[in-house]
Amino acid sequence: MPEKPISIALAGNPNSGKTTIFNNLTGTRQKVGNWPGVTVEKKEGKIRYQGVELLIMDLPGTYSLTPFSIEEIVARNFILDEHPEVVVDIIDSSNLERSLYLATQLRELDCKVLFVLNMTDLARNRGIKIDTEKLSELLDVSVVATVGNKNQGMDLLLETAVRLAESNTDVAQRRRVRYSKDIEAAIVELQRHLEAQYGDTLPYNPRWTAIKLLEDDKVVKERTAAAVGERGADIFEYVVRLRERLMDRYAEDPEIVMTDERYGFIAGIIKEVQVLSTRRRVDVSQNIDLVLTNRFVGFPIFLFFIWAMFQLTFTVGDYPMQWIEAGVGMVSALLDTLLPQGLFKNLLVEGIVAGVGSVIVFLPNIVLLFFFIALFEDTGYMSRCAFLMDKIMHLIGLHGKSFIPMLMGFGCNVPAIMAARTLESEKDRLLTILITPFMSCAARLPVYIVLAGTFFGAKAGTVIFSIYLLGIALSILTGRLFRSTLLRGADAPFVMELPPYRVPMFKSLMIHMWDRSKMFLKKMGGVILIGSVVVWTLSAFPRDIDYSIDYDQKRQQIAADYDRRMAEAQGAELDALKKENASSLGQLEHRRRFERAEKSYMGKIGKAISPIFSPLGIDWRNSVALVTGFFAKEIVVSTLGVLYAVGDENESEALQQALQDSDMTPLSAYAMMAFVLLYVPCIATVTTIRQETGSSGWMLFSVVYSTALAWAVAFAIYQGGRLFGLG
Amino acid sequence: MNLSQLREGQRATILRVGGNGTIRRRLLEMGLLKGTDLYVEKYAPLKDPMELIVKGYHVSLRVQEASQISVEPIE
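Same order as they appear, the protein sequences are chains A and B.
All residue numbers for the first sequence refer to this note's numbering, where the first residue is 1 and numbers rise by one.
All residue numbers for the second sequence refer to this note's numbering, where the first residue is 1 and numbers rise by one.
The set of hints was computed from the structure by calculation and includes no laboratory data.
Hints may be right or wrong, so weigh each one.
[Claimed, not checked] Some chain B residues judged to face chain A by a derived CB distance under 8 Å, without partners named:
#, residue
1, Ile14
2, Leu15
3, Arg26
4, Leu27
5, Gly31
6, Lys42
7, Ala44
8, Pro45
9, Leu46
10, Gly56
11, Tyr57
12, Glu65
13, Gln68
14, Glu72
15, Ile74
[Said to hold, decoys possible] In silico EDC-like links for lysine to aspartate or glutamate, alpha-carbon gap of 20 Å or less:
#, chain 1, residue 1, chain 2, residue 2
16, A, Lys391, B, Glu41
17, B, Lys34, A, Asp260
18, B, Lys42, A, Asp561
19, B, Lys34, A, Asp253
20, A, Lys391, B, Glu8
21, A, Lys507, A, Glu497
22, B, Lys34, A, Asp121
23, A, Lys42, A, Asp81
24, A, Lys579, A, Asp563
25, B, Lys55, A, Glu97
26, A, Lys271, B, Asp37
27, B, Lys55, A, Glu497
28, B, Lys47, A, Glu497
29, B, Lys55, A, Glu261
30, B, Lys55, A, Asp260
31, B, Lys42, A, Glu497
32, A, Lys578, A, Asp561
33, B, Lys55, A, Asp131
34, A, Lys4, A, Glu159
35, A, Lys391, B, Asp37
36, B, Lys55, A, Asp563
37, B, Lys34, A, Glu261
38, B, Lys55, A, Glu252
39, B, Lys55, A, Asp121
40, A, Lys181, A, Glu252
Ideal placement from N, C-alpha and C gives every residue a C-beta, glycine not left out.
Can you make the complete structure from the sequences, with help from the hints?
As structure tokens, then:
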């Protein structure tokens, strides 16, 4: 018995039921992660079948193995580099012809392949009959029939795969695609040349290498060049000559001719194995689409669904959020009473519990959002959303599917950026991730409410709305800018399948939802923990602050003073004195907190950076508030509360009063709101960007770009406004 | 005549798929080959993209991509 588990990779077209089969096989024993360096989801599961350990890998769904999209590169590299013992190709039986394209490409690779004809029930309903034995014979490959969503044929699939893995037979190279005479001649010629000159140094099998080189496959070219080293230059000259010869012959690129011929080969197979009965059932899916993508009601229905999803995510999610907040509050209260006074307690309560608590509250939103996204995806409605919205999103240089992440951004950027996973093209995903933070999330609203409420009075609503519009406008501009510079030319073709509607499987929805939520918690936890400790440390140190007055002594003095006066007073006078006493002590405490904030490292940072902010009309207190806002945007308000030294009760009113009395003007308030809208998103969002782009570089880029843009816009607003005599 | 000029409910046979390398190859790989029959199921409410039935499945294309496919309508 081998120690190492047998590795089985599942390949197949999108919507072929691959994920359902993967879920059936592995159940809850699956691990979701990312492929190294890219944002493509990687799923694997270890199971035991009849005493044999199996490692099942779910490769990204692709239509071909031509390395255009990142999914195709990932899938192909996995097969080429990791050498799974068996590659299982899941084929949608109701879509045999197109599915066989990927199948023939897999067949050309050096690996043991098993074909799984899935959704055979659907095919039968559509009047399609497939002769599996004939297919197996013609392609010289094992074929198994399954119905994934009814869990039929899974044992047979595993049994056949294990048998195939343990068999010693060499990978048969017989029944492969035969190309037309001239192409076949070129392949053989190049293959012989490669074998004769470079024999063992070639990274892959010679025939396959020859085919890929003739197809001008970038990845294979690079790998071959790396493997054969210096002497390899002549190979590429050879290839160029052969390609030119073929282009003369066909008046067409060889890769186009070869794609055509693969389909020709497939057409031959289809003729022999597939029988279409003339009886055609009604296409239910087509009827659903008569309504859902209807010219008149399609959009209203779409808007309703999106509205419902948004509402449910953020309103239903609000209840568990409150419970979690209450729970976190209880924990911190408990720790507060249990632990002795000291630095450790402060760190635990104000730093760690508060910090981690601020992340866990997002969980209900994330879970719900992922449930709805899974529902949209599994039913097939997601591609209809893209179909409806593509025209509008295309104006920004984006794909129709980018709409959902951007919309979710108005709630919370964290799940929104994670929702960008539904985009297939790497560059579309990156662009969506980069512009989503400009969608003004719910956490920024309290800041606007305080500022606009203070300085714009009755017009506050309009002013806040204009901030939201500013975010949308800048996301459009940013989208167009990046599309024409950084992420150019990657306007992925919108060749998108509209799969038949399906009833989603509950188990699959749950697995989807839980896996993604789990990943959020795990990855966020660590960074947030560190981040909260850092922010806490900056505001709690240095410990021994050189206060301008001795607060303790002053407090005692005031207390003693009132005690004396109260001893003499009576009745109404006594009550008045009590109130006065409390208010004096409160004011003293505020002065102390204010001084402590001013003299902490955080305050020093604020003062140090205030020259950067002063051209925007933002003073050092607001600068500190903006810095703490990196932790979470809501914190801007509470920091302002501390820095303007207002009490806890009626805080917002007192804060508004304090702001009114400060140097701020409506103009500088508006500049600050614009800054809050645009500048570096909160730490949770930044971490999500890091995780979803798989790159610290993009994370830094996003941080720098958004902050620079925020500064520029706030500068333009403040200085521009002053030029026109406003503020 | 090109594909984007077809009306809803029309059938046609593909004569030639034009366009640059990537899009063209992608279209071919999805089964939009010379000689393939297609059916224009509908246009999206904003007139772009369009939905086709090819080789028994539904696929959507942007009008701009469809304009690079020349077709012969089937009466």
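query: Which numbered conditions among the earlier hints are violated in the structure presented, ordered from lowest to highest?
result: As far as the earlier hints go, 1, 2, 13, 14, 15, 18, 21, 22, 35, 36, 38 are violated by this structure, in ascending order.
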